[in-house]
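**Student:** Sequence:
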Amino acid sequence: MSNQKEDYLARFNPQFNLFASEDIGFEQFPPLQNSFGTVTTNNNLSVLLSSKIRNIDTNAPLLAFSENQGKRSAFLLGENSWKWRMQSYLDHQSFEKYDIFISKIIQFLASNDTKKSLVVNHERFYNSGEAIEITAQYFNKNYEFDEKARLTIAVTNKNTKAIKKYDLLKTSNAFKVNLDGLSAGQYTFVVKELNSNTAYNGYFEILDFDIEKQFVNPDVNKLNQLASQTQGKVYYPNQVDELIKSLLENENYKAIQKAIVKKTPLIDWIWLLILTALSLALEWFIRKYNGLL
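Here numbering that gives the first Met the number 0 is used: the sequence shown runs in plain steps of one and ends on residue 292.
Worth double-checking, as some hints may not be accurate.
[As the list claims (entries may be wrong)] Only pairs whose alpha carbons sit at most 25 Å apart, straight line, appear in this in silico DMTMM-like list of lysine to aspartate or glutamate: (1) K160 <-> D207; (2) K191 <-> E66; (3) K51 <-> E5; (4) K51 <-> D98; (5) K96 <-> E132; (6) K175 <-> D218; (7) K157 <-> E204; (8) K169 <-> E143; (9) K4 <-> E78; (10) K164 <-> E122; (11) K51 <-> D6; (12) K51 <-> E78; (13) K191 <-> E143; (14) K147 <-> E21; (15) K96 <-> E143; (16) K157 <-> E143; (17) K175 <-> D240; (18) K4 <-> E21; (19) K253 <-> D207; (20) K82 <-> D56; (21) K163 <-> E122; (22) K287 <-> E248; (23) K160 <-> E143; (24) K82 <-> E95; (25) K96 <-> E129; (26) K232 <-> E248.
Read the hints as simulated data drawn from the structure, not as lab findings.
With these hints in hand, go ahead and build the complete structure from the sequences.
**Tutor:** Here it is, written out as structure tokens:
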């Protein structure tokens, strides 16, 4: 850095994901003043606003955040930020947008990292044929629901080691995936947020359960009730002949014969049409030659 001062304009980074922040017109704000020079950063720095001189991007941070061993820091590389608040009031006739922006910064710096950023909800056991749904929520550093999160899930069958991967789709306030179609067995899974590499490991089991297999004997009373309500009749195994006779005599089950007739114009068979025309022409020529015409 040098003793020479320079005016730095702000450029908003839409990929910033430590906490939810919207562009409140940063690029139209007055420039901040700072010493001219090169800024060297490390890999742990997340840049919300980068700097530019007039219309030239410097690729240097203007407002950035870092987190090291639970300690959070913010860096504003410029003076006279009060001008931003004044400009925000002129643009929106209110200090609200700028004050919310500052409040989120303070919340980020004051909060700790004890809460889980990735919360996954699932059952330990599912029955075959039931809907197998897993929901997840991903929160940024301010514990706000992150709609920009990219969640995937990899499901592994413990017996066959087969792996299936799915994307979680965003709903109103969560991400959801439907795993219908998996066979009965034990499964492990990993839900991962691709931007931060945050992962959650879980386990569930699909039971070979079929409700129809739970009743091996028919309920005669309910079958009689069903028959009376539908104007039907109950037949037992020793009444098969009576059932066949009843079906044959029932006018509602008449035998129906169907015939399909396809008609194709001769003109559609172009080669047959040409052959027929040649045959007629040849017959006329032979008759003419023999004096039969």
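**Student:** Within 25 Å, alpha carbon to alpha carbon, are K169 and E143?
**Tutor:** Roughly 15 Å separates the two Cα atoms, so the pair holds.
**Student:** Take the C-alpha atoms of K287 and E248, compute the straight-line distance between them, and say whether it is at most 25 Å.
**Tutor:** Violated - the C-alpha atoms of E248 and K287 are around 69 Å apart, more than 25 Å.
**Student:** Please work out if K51 and D98 have their alpha carbons no farther apart than 25 Å.
**Tutor:** With Cα atoms ~24 Å apart, K51 and D98 stay inside 25 Å; holds.
**Student:** Is the Cα-Cα distance between K191 and E143 25 Å or less?
**Tutor:** Holds, at about 18 Å.
**Student:** Holds or violated: K157 and E204, Cα atoms, limit 25 Å.
**Tutor:** Holds - the C-alpha atoms of E204 and K157 are around 10 Å apart, at most 25 Å.
**Student:** What's the verdict on K160 and E143, does the C-alpha distance respect the 25 Å limit or exceed it?
**Tutor:** Cα-Cα ~36 Å, so violated.
**Student:** Taken at face value, is the distance from the CA of E143 to the CA of K157 at most 25 Å?
**Tutor:** violated, 35 Å
**Student:** Take a quick look at whether K82 and D56 sit within 25 Å of each other, Cα to Cα.
**Tutor:** Measuring from Cα to Cα gives roughly 21 Å; hence the hint holds.
**Student:** Are the Cα positions of K51 and D6 separated by 25 Å at most?
**Tutor:** holds, 9 Å
**Student:** Hint check: K4 vs E78, CA-CA at most 25 Å. Holds or violated?
**Tutor:** holds, 11 Å
**Student:** Please verify whether K175 and D240 have alpha carbons no more than 25 Å apart.
**Tutor:** violated, 55 Å
**Student:** Holds or violated: K96 with E143, Cα cutoff 25 Å?
**Tutor:** This hinted pair holds, its Cα atoms lying about 17 Å apart.
The structure shown violates the earlier hints numbered 5, 6, 16, 17, 18, 19, 22, 23, 25.
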